[in-house]
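Enquirer: Take a look at the letters that make up each chain.
There are 2 protein chains.
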Amino acid sequence: MYQLIDGKKIAAQIKEQIAGEVKKIEQQHGKIPHLAVILLGTDGASETYVAHKEKACHQVGIHFTLIRFEDNVSQNELLNKINELNNNENIDGMIVQLPLPKQIDEQKVIESIDPEKDVDGFHPVNVGRMVIGIPAYIPATPAGIMELIKHYNIDTQGKSCVVIGRSNIVGKPISILMMQKKAPGNATVTVCHSRTKNIKELTLKADIIIAALGQAQFLTSDMVKEGAVVIDVGTTRVKSDKTKSGWKLLGDVKFDEVAPKCSYITPVPGGVGPMTIVSLLKNTLLAAQKKIYN
Amino acid sequence: MYQLIDGKKIAAQIKEQIAGEVKKIEQQHGKIPHLAVILLGTDGASETYVAHKEKACHQVGIHFTLIRFEDNVSQNELLNKINELNNNENIDGMIVQLPLPKQIDEQKVIESIDPEKDVDGFHPVNVGRMVIGIPAYIPATPAGIMELIKHYNIDTQGKSCVVIGRSNIVGKPISILMMQKKAPGNATVTVCHSRTKNIKELTLKADIIIAALGQAQFLTSDMVKEGAVVIDVGTTRVKSDKTKSGWKLLGDVKFDEVAPKCSYITPVPGGVGPMTIVSLLKNTLLAAQKKIYN
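Protein chains in written order, with this note's numbering: chain H, 7 to 300; chain Z, 7 to 300.
Here chain H stands alone, though its shape is the one from the complex (with noise of 0.2 Å):
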């Protein structure tokens, strides 16, 4: 009987211990930690995702400020605007809601956060410390994943970890934080992506699935061996005449079929999406504590 990992459990868990932390840092310092997120438009799952973001905040008393522009604001009114947060000594962390509208240089604006504040960890300054190994900022998705194998104790060292996908903010990092000198990680990572030919062979060797590929149902029961971890990081929205909202999410893995061969298996959702934002809130934290730099 395989294990479900419950990321909507583990994340209050977290975030009763972030509210703890963010209490303590009020009554020692007379300060509460603050991020500020700005959104450009009006997309509909942007504004959800920050809906969220400033839900979770509010859960744990960090203070959240919402700055947007409207979605044909020029780049270098954005630009101003992130220099003058990097300069406002009350906020801790900020992030600019990705993707961005076609006029404005997304890896421009990135690299104009300044490194301490950059609590979504996309700024190379922190992709740099994480990939040698010293304090950094860690991607949102990459960190909850790693913080779920902490929790249930998953073995990974030694382990064979096939991950899906090499995007910057998922693949890319989570095989580096899973191959790194220590535990969770001393994993021997494999990373496959739309060019390698057999996903399959490879996937079936695997003790550890790291689907991260954005191609909903990709993992399929015949592609995972007995006793394997899957964690599933797919979030493709898709219709529904089953839900309230008219859709519902899919993950990357086929999960009915898939999980009676697993140890242990994230669900779509609540796995590893409630971990994200839990993510966002402990890096916002860490900001405050200035425990990555100092």
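Just so you know, the hints here were simulated from the structure itself, not pulled from any lab data.
Restricting the straight-line Cα-Cα distance to at most 27 Å, the calculated cross-link-like pairs of lysine-lysine (DSS-like) are:
| id | chain 1 | residue 1 | chain 2 | residue 2 |
| --- | --- | --- | --- | --- |
| 1 | H | K156 | H | K188 |
| 2 | Z | K206 | H | K211 |
| 3 | Z | K203 | H | K187 |
| 4 | H | K267 | Z | K203 |
| 5 | H | K15 | H | K250 |
| 6 | Z | K30 | Z | K297 |
| 7 | Z | K248 | Z | K61 |
| 8 | Z | K108 | H | K188 |
| 9 | H | K108 | Z | K297 |
| 10 | H | K206 | Z | K187 |
| 11 | H | K15 | H | K260 |
| 12 | Z | K231 | H | K203 |
| 13 | Z | K211 | H | K231 |
| 14 | H | K206 | Z | K211 |
| 15 | Z | K114 | H | K188 |
| 16 | Z | K206 | H | K188 |
| 17 | H | K61 | H | K156 |
| 18 | Z | K114 | H | K296 |
| 19 | H | K108 | Z | K188 |
| 20 | H | K297 | Z | K108 |
| 21 | H | K231 | Z | K206 |
| 22 | Z | K30 | Z | K61 |
| 23 | H | K203 | Z | K187 |
| 24 | Z | K203 | H | K188 |
| 25 | Z | K297 | H | K114 |
| 26 | H | K187 | Z | K206 |
| 27 | H | K211 | Z | K231 |
| 28 | H | K30 | H | K61 |
| 29 | Z | K211 | H | K267 |
Given chain H, work out where chain Z should sit, using these hints.
Expert: Same frame as chain H, but now just chain Z:
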């Protein structure tokens, strides 16, 4: 019959190209690319490496300045010198020869170098930019390997590549470069290390093996499949009564028995080694041309 990857020959060819570019810069802009090397103490191996770098610079017409410190120099004094070089417009690139004596925090030294002059590519900014896939100074050894692969038109796309070793200067960066979405690249990369249980099982399936663990003669013929490409990064010095110097270099690959199974293989010496210094020259040229940062 295997094809020997002649690093010495390719290095000589690229040096000629670089010499041409250096001349062009001089003619067009009246300036000569300039590399500064900081060396602490008089360790034999470090002296040899620095001497090779100096010679290579002279060969291609790059200005070379060696700055020496006693090995008991204080960290502050070293950082002050780095700061001075950061602000010196005549210096295009700078490296601090590693390893450093114990009183010096190596990571701090690396981070104090202006990323725009960090031609070793060890600064977190350059590491991060390389991972993200935007212009960056690539560390000498992985850059040299990619050059060899390019020059011999070795097909990496969709190939399985096993990297043995996860160091910050070879294993991690070459694994990232081999998986990037471009050519050469697009390989399915597995990173093995000291905690990997079944290295032989993995290498036996690999189309490309990059041995960078620093253990002399580790890779034997029973670990390699017919037709594999083998890149040997190892350079272990062992005593020898058959050479004038009294020592010889051993690679991580048992060349004599592995070579007959290979399609391509690098010798040691004369494979990856000569390419590393060329990478440094190339990075210095890129720095003078302001091609990475602008």
